[in-house]
Every structure is written in structure tokens, then in C-alpha cells.
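Enquirer: Work out the full structure: start from the sequences and follow the hints.
As they're listed, the protein sequences go chains A and B.
The first sequence runs contiguously to residue 707 in UniProt numbering.
The second sequence runs contiguously to residue 707 in UniProt numbering.
Please note: incorrect hints may appear among the correct ones.
If several chains are the same, the list does not tell them apart, and a pair holds so long as it fits within one copy or across any two.
[Stated by the list, open to error] Below, computed lysine to aspartate or glutamate pairings styled on EDC-like, alpha-carbon distance capped at 16 angstroms:
| no. | residue 1 | residue 2 |
| --- | --- | --- |
| 1 | K538 | D564 |
| 2 | K538 | E679 |
| 3 | K333 | E258 |
| 4 | K654 | D628 |
| 5 | K333 | D275 |
| 6 | K98 | D70 |
| 7 | K654 | D644 |
| 8 | K538 | E575 |
Derived from the structure by calculation, the hints contain no laboratory data.
2 protein chains.
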Amino acid sequence: MTLQAEDRRRGLDGFFAPRSIAVIGASDDPERIGGRPLHFCLNSGFSGPIYPVNPSRDTVQGLPAFADLDAVPGLVDLAILAVSADRIADTLRACGRKGARAAVIFSAGFAELGADGQAAQGGLVRIARENGMRLLGPNCLGFYAAASGACGTFSSALQGGMPARGGIGLITQSGAYGTHLLQMAKERRLGVAGWVSTGNEADVTVADCLAHMVEDPSVTAIGIYMEGVNQPETLLSALERARALRKPVVIMKVGASEVGAQAMQSHTASLAGSDASFQAAIEQAGALRTETTEQMFDILYAASVAPLPSGDRLGVLTVSGGAGVLMADAAAKHGLQVPPMPADAIDRMLLRNPFASPRNPVDITAQAINDFDLIPDYLTEMMRSGDYDAYVGFFTSWAGADRLGPLIFDALTRALDGFDKPFVMVGLLGDDLAARYDAAGIPSFADPSRAVAVLGALARLRAGFDRSGVAGILPDIGDPALPATQVSEAAAKARLAKAGIPCLPEEVARDADSAVALATAMGLPVAMKILSPDIAHKTDIGGVALGLNSADSVRDAARRMLTDIPRRMPDAHIEGVLITPMAGEGVELILGTQRDPIMGPMVMIGMGGILAEVAPDVVLARAPVTPDQALEMLGRLRAAALLDGVRGRPAADKAAVADAISRLSVLAFANADQIESIEINPLLARPDGVLALDALIVPRGHTEGEA
Amino acid sequence: MTLQAEDRRRGLDGFFAPRSIAVIGASDDPERIGGRPLHFCLNSGFSGPIYPVNPSRDTVQGLPAFADLDAVPGLVDLAILAVSADRIADTLRACGRKGARAAVIFSAGFAELGADGQAAQGGLVRIARENGMRLLGPNCLGFYAAASGACGTFSSALQGGMPARGGIGLITQSGAYGTHLLQMAKERRLGVAGWVSTGNEADVTVADCLAHMVEDPSVTAIGIYMEGVNQPETLLSALERARALRKPVVIMKVGASEVGAQAMQSHTASLAGSDASFQAAIEQAGALRTETTEQMFDILYAASVAPLPSGDRLGVLTVSGGAGVLMADAAAKHGLQVPPMPADAIDRMLLRNPFASPRNPVDITAQAINDFDLIPDYLTEMMRSGDYDAYVGFFTSWAGADRLGPLIFDALTRALDGFDKPFVMVGLLGDDLAARYDAAGIPSFADPSRAVAVLGALARLRAGFDRSGVAGILPDIGDPALPATQVSEAAAKARLAKAGIPCLPEEVARDADSAVALATAMGLPVAMKILSPDIAHKTDIGGVALGLNSADSVRDAARRMLTDIPRRMPDAHIEGVLITPMAGEGVELILGTQRDPIMGPMVMIGMGGILAEVAPDVVLARAPVTPDQALEMLGRLRAAALLDGVRGRPAADKAAVADAISRLSVLAFANADQIESIEINPLLARPDGVLALDALIVPRGHTEGEA
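Expert: This is the structure in C-alpha cells:
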């Protein structure tokens, strides 16, 4: 554990492993907000002293009560503040006097109300800082820690009993949805190590809680529900730690849709970055994002029961051909391969059971009912000869049946004993049998598609773990400094060329005669473009001419551009026309960077052309990326195959494209404070190298030229 | 009910509503295959006589047993054959003598074993036909009919009790997966009207069962699991009936993926059509296809509890802002809109509760806990002013809580009383409360994303119902006959022109001189293409030249094509070069037809160009389609916006594109026996009309020319 990580973990120990707890505003009624934390702590096995503070009672829920915090005899390590907003500041000061390391504030009435509330909230943080205290909330539902039994929460999810103990840590910004999450976990009998809701995040954030849970050895997998991102750097470094410790983190973040993002801005004060940037950044750090709550729990459940698959090869064992096909379909959808068994193994399996269809899916058929050993025998053959990374098995209703169920359980556990690949069971097992399967390291699902989806997710998690943080070496782009002012296209291209991104030679002509002279010297045919910092989309106003193959056509084009365009855009500063040789054939890409307000500079590669504009095909990553990472980005384009050559066209130089992506990402990263965006459109990917044909650099705080 | 439909329904009444049942091979052991149907019938309320046939016992499970069928005193309406394959034929003949209308054959050992088994199975069908008997199976798990209590099945899904009674009909080709389906339905406490597994489908098919259930008024929604399609016309006409009766049909069909389709071919003898054609055809007929079993049950459940939404406008009511955003995200993903409330309604709601964020999602916030009437009041306001087509509500854990739960139930049912739009509840309610919600017409889900997904599916179902079978009128294409032999591109274009699909004027030149003469007469610039029935992809071999704008360039191009290409492809018959005027600007599309072995001629429209080739953007429909249907197909292209004009380009003439799609579909439909495929690539969509620039007609049984 790094020192910093250890610090961050200790910083929240006052919550999750307190030596003593005081509940300020404690109620004798276990149903009330001030009564619940006490009631929960008394029922969760918390072993330290608990001090109810209530000026009007001698005892609260059977414990001696204290009139105020100062009257508490011992040290108060964790303070749970179940008092109204107007009493929070004074109470916090009293907590400080008692040496509390941690305070939970349930009350709303702070930053979520606007400027006044924000100021009041800032006051709370100051008191906490002065007293070396960490704050959870305000406007939160608190937390629950299974190991210590500390229950600093009034969430109704704990009514009716604590969740099962286990390795899953849950972090949620929302209390209301967090309660639903904890209830869902209880309903599914998932083993929970801890749960924390962060509310307004005046001090402790989702990222802080993640950093804590990542270092907690009793937490084996972490699920996060978040709305905004308050500490992106902490979040990403905690994810990198989780990757290093190979601890799965699954994140639900809302606001992906346009309406969702709008609704979110009215709901949280969080600065909204782009959803795509968030997703790219956390996946680069090895976390998985899910769209639905059920998916999140499916993955957390399976990851805390079974090992992660070391690759994407799925073995499908079934007694129903149709279910086998169904699972093969699901595999294709979730990024898993279903490669066939080797021919000799198929022969052996057919010899054993001529009715079988043992290719993969391996269909034992209903013969299994006559010879139950077929199940372990075929599975063993698949494990030995098929070399799959993950397995899924379907045995119709037998697995949950009274007589056949135990036979299948024994058969499977016998075959899987000591095996370190995940096997997921499909079947309706009932709670008790499912728990036995869990204990044997076999997660189970009723829906075969869901079982396969989970294996796909686990494989992606594992692949994320296996990708090191920064694979390879970042290219040297020389002096990275970029001017913080708008630059012309020519200057932009010159700057990119200096950073090692090849651009076509180009010359500026101020009038038609010099255009002809330059074009002739360069060699016909040439392309010509209007040169102006104020014109972003040159094609739209007739500012681009291609394939000019005579002196006359060069002169005509230059005259037209230099007279027509100023007439149509009198405010545009026009510096002349740019002349370049025709670039030749290649695949048109768009390469760019964009500063995300949360995640910082992102680099983007996409297919170019007008079709891509209406159906974008784009891959994003947080800058900087190495050439290896850039190559992997290229492979994720929907039309990636275009770069390999189609219909006899030559393949594009992908290494050169990756190099350009990497260099541009380094440039954007080094100038994060200066640059809003860079766009190279098109970047021509040729059989031998790339060429930036057009470039735009937009400094921060500068709006793009007339479009 | 049409006469034909009534016939089809009566044809299966011998199974689902038999007057008497004989079980041949009846066992006294209720666990054995021959014992289970009897045991189930005795426990399911079947009220007619049941005759166990067993030569070695006097009684079976308490009923008097008979030595053989001929010894049974009364009429045998339904015969359940629990005997081995070798005894089936004789037993069927005996069933015929007893006047049975229906026979269920469990035994395997027929068509699934190959040619011999197929012949034996054909023999069973002959016996059945001769005796006016319908056959279910062989190699099936039989059926269950709730209304009559007839249980012609040994599926272990009925062990431990019958499913709850209700309106859901389940049809499954696979017995093993069908058993799992029925178990899942029981586990979810869904109300089941009937369940049937068709196995080898020697006689009764999935399509027959659908036709029956569609006409059965006690069935309100139907779920189908299928592998192959044995009677596509029956299936599609039953789906059209279901649409006319507004009865939702949800279909899972496996084999969508490449590996899945391969595995399927080794599993069933069904002729494999394309998965995309299947999906297009059933969706045109108003059914919904789902990928997962859970989705299927979610939709069947919700459709049998709540009304279908009449549009795609979703109202989101929540007490958690984050959950509201989550549901808005899910709406975008599942094709639903989340339009805002009108401004005056927002004002009224804010006046009532200043903490609310009542735009849509309408977030009541935790204020609801202080004033529970906010829930019905806001919902009523949404219903009155928001005019949404569907509603979803999230109330954290309160809905399932002891004290708050009943308050929320009362509040919601009060507000929704007499309202005919679906409202879906998100919450963990527990079985009893969920059943109360169901009875009140409110389906409930624990996962908010799943709740919204279901509403999206119900909206699609309803939209499918609202689309009439054939909207508008098919165009008149004159004499539709097409030659059944391979034709040249010129002849193909001439034929398409005759059908009303505009093609560029074109002339054939046999040598360079006549090419120059023709081009000059036509007006330069021109395009030139090699003319040969044996060359499909002309670009790849230098067989296309564009923008020839001088006599010299025309002569050069013609010479090159007429000498180079014969040298490279000596076997290709070359008729000359085609000369056409340059087509001008437009959007390049691909329009084609392809005969699907199951679904017949399909028409396809897609984006053209090389990018589309590696990331296809295509919409399929079963031919013929009307221009209105074709226009709707265009709107479903991923890059549909390209046709509306991008970056100042003019919009394409979508009506002309739709007309061309429709005409081509009529041509393909009328020549289904003659034509394998037609491809127009590109079809140029111009601002004023379309132009077929290249065309290929492939007759049936003819392989495409060298590619």
C-alpha cells in the first residue's frame, strides 16, 4: 500500500471502523431518523461504546443518554448528527472538542439550496478541517460497515435486518437510490462488506470512498452509483490502484442521454463533463461501466464468487441444443468467442455418446438423464482439450429438481475441483441450492443470456486489469508549447508538423498570380483553400478547390476565392489562399482533441467523410495515449476494417495513424491549460504514412470562427 | 373469427380442450414419464374421463386401468403416448380406431436421427391424416392447458404444482428449454393460460399453436421460443390475426449469431433463412422479437397487466433526482421521448412544493415523505397536463415499506383510477404487494431500467398494431415478368426502367470509335463501364471510368477496357462498354432484393459507398412494400439524416427513393420463383428523383459472376 493510499484509507477509518459512536439527536423510537442509527448499531454487532445524546431522556433504546456531547464521558470517534440544519455547525464544534475523527450529517438544507446553503456548507467544512475531522454529507443517508458493525445511517434498507456479510462494497451519491441498491442487494442475498452514500460531498466524495474500499482487504468487488464527478483525479488513481490489486470496480453513472444530462444539471451542482469522456477515462483505468443496476449486481455477484476469465473463449455445455444456440448468440453479442472443440476430442465424446453434438456448444442431449456421468466427463474433456477461458452450463430443470439436482451439483463440483476458470450455472436453483453453488465458486442465473453477459463483462474486466496503465512509451514531440491564441490553418499545420505529425507542404499566396507561380513550382495538380482564422467550414462557402491541373484553373480559383468570399463574409480576416499538392488516395479520418471540463484533454479518432458526420464512428481516450493504446483505439472503430483495405484497395498505415494519435494526445495533454480543441480533418491514412490535410487549433476561452 | 381461423383453432381443440384423455403407457409412479401426465391431470382440475392404459395393472394412480386402448369403454379424444418409438405406429392406429382427435408423442427416435427416422415419422403423419387426427411431437414434452386442466406432458416444470392461472400463452419448439421457460413463469408467478412444446413438428407446428392461441379469448399475450421456422406463411398470417385482435406476440428465435446459426444447423433439420429476414418479416406483421428470455417475460407480464401506450411520450415521476435521470437515460435507449411538462403546470407544481424539480423527470424530492398527497397530486397533474403515453414511478424503498407502502399504493391507485395509460412501478414490493399492484393494473419491477425498457417494448408493440398490414397502395409496374436467365447490365437497367425505376440513358459501344461518337452525341462528360454478364464488381478490375470530358479521354478509356480486361479475365463474355452521361450529385444508396429461403423475397435499402461496406447500414423488409412502408424503412437507416441534406447539401428526394424501393419490391415479389436477387448499386438519390446507375439481376439457381 502506498503511503498516500494508506493515508486516504485511514482518513475514513473514523467512519468504517470507529472506536466509539455518539448519536446526537438520538431517539428512543427505532423508526425515527434519530432512532434508526442507534437501533441498527445495536443490532449489527458494533462492539465499541455507543453514546446517545438527547437532553430530554435518561435512557435511549436502553442505553444511558447524555444531555450533550460534552457530557459524554469517553472519546467520541464517530459522531452521527441527526439534528436539524441550524444546529449542525454548533454540534460539529462540539464533536471537535470531543476529538471525533468522523461526522455524518444527514440533514438537508445546504449546498443543494443555492448560494446561501453553499456558504453554510463551506462553514461546516472549515470547522471539520480545523478539528481534523472528516465529514460525510450533508444531505446524505450515511453508511453501513459490516466488519465493525458501525451503522451511521437511517436508510430503511437496513430495516428488517442487516444484509448478508460478504465482499461487495457499494458507494452511492444518491441516498434514495442508494437505499434501493442496498435493498436489491439484500433481496438477492449478496454478501455486502459496506455501503456508503455521499450526498452533497462537502468533504468525503465517491472517489474518497472508492480509494478507501480499494485498500480494504475485506472488500473484493466494488459497485458505484454516481451522478456527477467531483474528484476525477482521485477517482482515476483509485481505479488504477484497484486495477493493480485486481479488484473489480463497476460503475453506474447516470446522465448519458440528452434529456438525462439536462435533468441532471437541474439535480446536481456537479460540473457536467461529457458522458463519453467519462466512460473512456474510467475504462482506460480498468473499471467497467454498466447501464443498468441489475447488470452491476450481476457482475459484482459473479466476480465475488468466481475467478475472472483470462480471455474471451467460452465453452458452452448444454443438454438442450436450442439453449446452446441461445448461449452462442449471447456470446457473440457480449464479445465472447465460441471456438469448436478439437476434432479428436469430438471423436472421443461421440464415442462415449453417439447422440451428442459435441462441437461447442457441446450438447449432451437428453442422454444425460440416462447417464449422469456424461456431465462431468464432457466438462472435464472441455476443460482438458477445449482450453476455454470461461464456461456456462444449462441442464434444463434438472439442476433445481429434488432427485437430479444433487447429482448435478456433485458432478459439477467434482469436475471443477481445483479449476481456476469461471463456470456459470444456468438454472432455477432456489435460494439454498444457489447458496451451495455460490460457496462452491459457481454463480448461477435463471436467464442464460444474462449468464453469458456476465461472463462477457468479467472477461472485459480482466482484460482491463491486464492492460497496464500506460502501455509502451509516449513519443517525444520536442518543445510542446502551443500558442494560447487562435492561429491560422497554416500555423496550425506547421505546429503539428513540428510535433511529428506529417502535413502536406503548403504555401500561401496573396493573389492569383503568385498562386499560379507557387502551384507550378510545386507541381500540378494542386489543391487550394481559403486561408482565414475566421472560417471553420471552408467547403460550405466555396473555399476549397481540388485537382486544379492547369495554370488557368489555378488562377480562376484563386481569383474567385479572393473576391467572392470577402464579399460574403466581410468580417472574416482573409490571409490569402493555401496551395498544396493533391494528397493522393487514402482513408479519410478525423483526429482531434477536446478538453473535457472533468476529465481534461481527450483524444478522438473517427472515420471521416460526410457519412460519418450523420452516423459518427468515433473512439475517445483520455490524453496522453501511447502508440499501442492508439492502435487499440483504431481497432474499436466500427469501420475499422476499412483501414485493412477493402475491395483490393491497399491497407492504410495503421502504425502511422497510431503514431499521429499519440503525438497529438501528448501535445494536447502538455497544453491542457491553453488549448480547448485541436481538429485534423481530414487526416489522410495512406498506405505509407499519414497526412494532415487540414487543421484547426482552438485556444481556451476562444470561440470557434464562423461556421 | 374467419372460417379458416376457426378451423385452425378447432383443429387443436383435441389437445387443449379434450372431452376425454387416455394415457398409453400409464405408470403408477407419478415421477415416471408415463406417470406424470396422469398425475398432473389428476391435480389440474381436468373434469373429463381419464383412461390409463397399462396391461399389467388393474389400477394406475387410483384409476381403473385398461389392458389396451380397444378395451377403453368410452371415446378417447386425446391420446397421450408414453410408449417407446417402436410401438408408436401401432398405438396411433389404435387411437384412430377410438376416434381420437389428438395424439401427443413424447418418444424421440424419429426425424432427428436422419433419413430412416424421417421416413418413420412420415409414416406416423400418414396414419394421423388417414384418421383425421392431429399429432403433437414426436420428440416433444407435450402441453399444458389451464382452462381444461389437460396436461399432456411429462415436463418437470409442473412438478410441485400448476402455474398460476392467467392470460399468457407459451409456445416452445424445445422441450428442455420450454420446461425452463415454464419454470421461470412459475417462479415469477405469471398467470399462464397454456404451454405447448412442439418437438419435431411432424404435424403441429409452432405456427399452428400460435394460430390456435391467437383465437383463444382466454389468451391475452403470447410468448414463443423457436429455433427453425417450418410454416412461415401460417406464422405470418397468425401474426396478422394477432395484430388485428391487438394481442401481443413476443418471439425469441435463436441462431442470430454466426456460431449460433452453425450450431443450430447441427441441431435442427429446419431450413435456415437469414436471421435478419425473419426479424424484418415478423416485425412487419406486428410481433416483437426479444433477445433474452427475461425480456420476453417482462413484456408478456406487463402486457397482460397494463394497457399498451399509444405513443412514445414517457412521464417520469420520482422522489430521487438521480433515479429520474437514470430512467430518462433508459428512455432514450429504448426509443421513448421524455418531453417536459408545460410551463404553467410546472409553475403550479412548484407553488405546491418549492423543492420539487417538476420538468420531466418530475422529481418530488424527499418532500413526499412530509406530504404524501404530493404523489397523487403530481401524478394527476402529469396525466392532465403532460399528456404522456406511459408513466414510470420511483419511490425509493417506501413502496415496499410497512407503513409507507400502503399509503403509496392508495395514492397511486386513486390517481390512476379509470386511466387507460400504462403506469409501471419501480420498487421491491414483495410478492403479496406486487400481486396487489398487478391486480390494480400496475406492473412492477425492481430495476428502473428494466421498467422503462418494458414500456419501450410495449410502445413498439402498440405501434406495430397501429401500422396496418399494407399501408397505402402498391405501385403498378406493368407486366412484371422477368426473364429467368442471367441478363446484361443494360438489359437489367432496361427492365428496371420499364418497372418505373429511373435509369440513366445509356448506349453500348463495341469499339473505341463508336464510344467517342456516342459520347459526343450524348454530351460530355460521360461515364463508361465495361459491359459483361460475368463481371459483378467492375471497379475492382478497372472497368469503370468517370468524368470523361474529351473525345480523347473517351477513346483512351474504351481502348483500355476492351483490351486489358479480356486479357485479365479471358473467360468473361464482354459485350462492349456502356456509355452514360455523368449522373451528377446525390446520395449513393444500395437498393436490392434477395430471396430468403424461408421468408421469400426481401427488399433491402442501405447506404452506399465503401464505408457502408465495412459497417453496413441497411434496412430489410419482406416484399412487397408500399411507398409509405418504404419511406418508413428509409427513416430507420442509421445515417438517415444524410438524406435530409448535411452541411448545405440539398435534401434527397425521399419520395422518389421510396417509390423505387416499392417498385423493386413488387418486381421481386411477382418473380419470386424466377429471381434470386436484384442489386441496384448505386442508386443515386438526387434532389429531384433517383437514378439507378448500375444493376444486376441474378436468376434463381444461377451463381453470381466472378467477383
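Enquirer: Please go over all the hints and tell whether each is borne out by the structure.
Expert: Comparing the hints with the structure gives:
1. Only within a single protomer do K538 and D564 lie at most 16 angstroms apart by alpha-carbon distance; the minimum there is 13 angstroms, versus 41 angstroms between protomers.
2. When the C-alpha separation of K538 and E679 is checked against a cutoff of 16 angstroms, the pair qualifies only within one copy, where the shortest distance is 14 angstroms, while the shortest distance between copies is 36 angstroms.
3. Taking the shortest alpha-carbon separations for K333 and E258, only the inter-copy value of 11 angstroms comes in at or below 16 angstroms, while the best intra-copy value is 26 angstroms.
4. Proximity of K654 and D628 under a CA criterion of 16 angstroms is satisfied intra-copy only: 11 angstroms inside one chain copy versus 44 angstroms between copies.
5. Taking the shortest alpha-carbon separations for K333 and D275, only the inter-copy value of 14 angstroms comes in at or below 16 angstroms, while the best intra-copy value is 23 angstroms.
6. Proximity of K98 and D70 under a CA criterion of 16 angstroms is satisfied intra-copy only: 7 angstroms inside one chain copy versus 94 angstroms between copies.
7. When the C-alpha separation of K654 and D644 is checked against a cutoff of 16 angstroms, the pair qualifies only within one copy, where the shortest distance is 8 angstroms, while the shortest distance between copies is 33 angstroms.
8. For the homomeric pair K538 and E575, the shortest alpha-carbon distance inside one copy (14 angstroms) is at most 16 angstroms, but the shortest distance between copies (45 angstroms) is not.
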